[in-house]
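Work out the full structure: start from the sequences and follow the hints.
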Amino acid sequence: MPQHNQPACPGPASTSSTEKSAGTEEVDLLVVGGGKAGKSLAMARARAGDSVVMVERDKIGGTCINVACIPTKTLISSARVLRDVQGARAHGVVLTGGSALPGAEGSTEVSTASGGDDADGADQAAATPLSQARVDLAALRSRKEAVVSGMVAAHETMFPASGMDFCLGTARFVAERTVDIFLAEGGTRRVRGRTVLLNTGTTPSVPAIQGLGDVPYWTSEDLLTLPELPEHLVVLGGGVIGTEMASLMGMLGVPVTVVHAGEHVLDREDADVAAEVTAGLEALGVTVLTGAHASRVSPSPQGVVVTTEDGREVGGSHLLVALGRTPVTHGLGLDVAGVELDQRGFVVVDDHLRTSAKGVYAAGDVAGTPQFTHASWNDFRVLRDLLSGKEASTAGRLIPWAVFTTPELGHVGMGEEEARAAGHTVRVAKSPTAAVPRAKTLGRTEGFYKVVVDADTDLILGAAVIGAEASEVVTSVQMAMLGGLTWQQLRDAVITHPTMSEGLNIVLDAMPQP
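Per this note's numbering, the sequence shown starts with residue 142, numbered consecutively.
Among these hints, one or two may not hold up.
[What the hints assert, rightly or not] In silico lysine to aspartate or glutamate, DMTMM-like type, Cα no more than 20 Å apart, as pairs:
1) 499 <-> 317
2) 581 <-> 610
3) 200 <-> 277
4) 499 <-> 372
5) 531 <-> 191
6) 499 <-> 169
7) 571 <-> 610
8) 571 <-> 587
9) 499 <-> 526
10) 581 <-> 191
11) 571 <-> 526
12) 214 <-> 317
13) 531 <-> 491
14) 581 <-> 613
15) 214 <-> 286
16) 571 <-> 595
17) 214 <-> 225
[Unchecked claim] Between beta-carbon pairs, the in silico distance windows are:
18) 412 <-> 536: 55 to 65 Å
19) 630 <-> 355: 35 to 45 Å
20) 613 <-> 284: 15 to 25 Å
21) 456 <-> 479: 41 to 51 Å
22) 465 <-> 558: 13 to 23 Å
23) 284 <-> 564: 43 to 53 Å
Worth flagging that the hints you see were computed from the coordinates, not collected in a lab. Where a beta carbon is used, it is the ideal one built from N, C-alpha and C, also for glycine.
The structure is reproduced here in structure tokens:
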């Protein structure tokens, strides 16, 4: 972690509107956990003149910036550059001399990649095919850490500038809306909030699999440090984290085996969508095993062996446990605060993010909100409006998501199977990404576009896009859905050519007739 230049917790003297009574500081807003919703609300209310204390355990800026969205997408971006360099010849690109035609004799290509921490590239022969380019792990880590540390530094400036009182430390409830803060720099403060927000987030889940405690393993957060490239990585779990990490490592040239208990990866997706994502993984050299329930993990001379309930054995040098995330609620004293948890440990909230305790709200992952930073950001906006006396609710909101495999998956609304299960009579349009002119120019024709509509109303129920820039394309569908457009109106929209969004014109032109 980068050095923290901001004082860990300057105390009540730094916040003029903070009151102190019998050793307990009284503030307008107490935020426990500095995730996207928490830090955003803390800064907004402080700028509005409220006295605000926010306590965060150790990650200035929250999980997304430090150990999730930002570092993973930074590494994935670097891995895609490697893939593009290795495939540059197909685009007519060489570094020095010779023909640019694929396979032409006399062409010389020079690799500038050093390959590893030993930086032995200078000692290699100068004429190395671009297809043999590899990564420099030290440089890869440095780039990722520079992106993260830059965003952390920005928060170290924004927090005090907003007027909030920011604390590094841990909090535990000792009474309703009252916590003891155990400061990272030493000492304790007792703070009571007129309003309290819980935004403590989640941590990687580690299930009780026989033998797992007897072998070294990585979580997604450990993998981000990239201490070394595995000889063969075994990934437990084929959800968003598992598939993204498998795709990342596959692009870096690591053999990967995904062990997933479900019928297909990405359980919430339609079977055809999951199959296309699987095909993309396999194209990167990833082996995907489905219906594979891990029952035992054992050490081996090569590293680790995972045994499934049906007797299959999967060996590898390293093990990544990517089986979801667990809410950070243990040890907070939430029972003392009167905050109800569900069976999985998430805070129970209503459509206004209110908990069972008066004056206490919860937002983001810990409240069971879909585990995306943009969903937590929307939680903030709901709370901002509610605390300003406006009407706001999480009910009925439309939250898109993306899986940053290669190719990407972008999704908004219902899938075909979900829509049918909900009682809709549906029509489904589907066309290959290869039909999109922009995909041809990019040389990225994998995937397909799929749109599900209500056959009775012609309203769009959802869409899944697999291909280059799919995470961006689905935003156009989301806007159409929010605007109440029919699929015909989106089909007839004049979309810039050539773009990946133009694929929406193409797929909707292929809508089957009733």
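Results of checking the hints against the structure:
Taken as a hint, the residue 499 and residue 317 pair is honoured in the structure, with Cα atoms around 9 Å apart against an allowance of 20 Å. Restraint check: the Cα-Cα separation between residue 581 and residue 610 comes to about 13 Å, which is no more than 20 Å; the hinted pair holds. Our distance criterion of 20 Å between C-alpha atoms is broken by residue 200 and residue 277, whose separation comes to about 27 Å. Distance check on the hinted pair: residue 499 and residue 372 sit about 53 Å apart at the alpha-carbon level, beyond 20 Å; violated.
For the suggested pair residue 531 and residue 191, the alpha carbons sit about 17 Å apart, so the restraint of at most 20 Å is met. For the hint pairing residue 499 with residue 169, the CA-to-CA distance comes to about 14 Å; that is within 20 Å, so the pair holds. At most 20 Å may separate the alpha-carbon atoms for a hinted pair to count; residue 571 and residue 610 meet this at roughly 17 Å. Restraint check: the Cα-Cα separation between residue 571 and residue 587 comes to about 14 Å, which is no more than 20 Å; the hinted pair holds.
Between residue 499 and residue 526 the alpha-carbon distance is near 18 Å, which keeps this suggested pair within the 20 Å criterion. The suggested pairing of residue 581 with residue 191 is violated, with an alpha-carbon distance near 54 Å, which exceeds 20 Å. Between the alpha carbons of residue 571 and residue 526 the distance comes to roughly 40 Å, so the proposed pair goes past 20 Å and is violated. The hinted pair formed by residue 214 and residue 317 fails the criterion: a straight-line CA distance of about 40 Å is larger than 20 Å.
Simply put, residue 531 and residue 491 have alpha-carbon atoms about 17 Å apart, close enough for the 20 Å limit, and the pair holds. For the suggested pair residue 581 and residue 613, the alpha carbons sit about 18 Å apart, so the restraint of at most 20 Å is met. For the hint linking residue 214 to residue 286, the alpha-carbon distance of about 12 Å falls within 20 Å, and the restraint holds. Using a Cα cut-off of 20 Å, the hinted pair residue 571 and residue 595 holds, with the two alpha carbons roughly 15 Å apart.
Among the hinted pairs, residue 214 with residue 225 is consistent with the structure: their alpha-carbon atoms are about 16 Å apart, no more than 20 Å. At roughly 30 Å, the beta carbons of residue 412 and residue 536 sit outside the given window of 55 to 65 Å. Our hint of 35 to 45 Å for residue 630 and residue 355 is violated, since their Cβ atoms are close to 59 Å apart. Against the hinted window of 15 to 25 Å, the Cβ-Cβ separation of residue 613 and residue 284 comes to about 23 Å, which satisfies the hint.
In this structure, residue 456 and residue 479 meet the distance hint of 41 to 51 Å, their C-beta atoms being roughly 49 Å apart. The hint said 13 to 23 Å for the Cβ distance between residue 465 and residue 558, and at roughly 21 Å that hint holds. One distance hint, 43 to 53 Å for the beta-carbon pair residue 284 and residue 564, holds here, with the actual separation near 49 Å.
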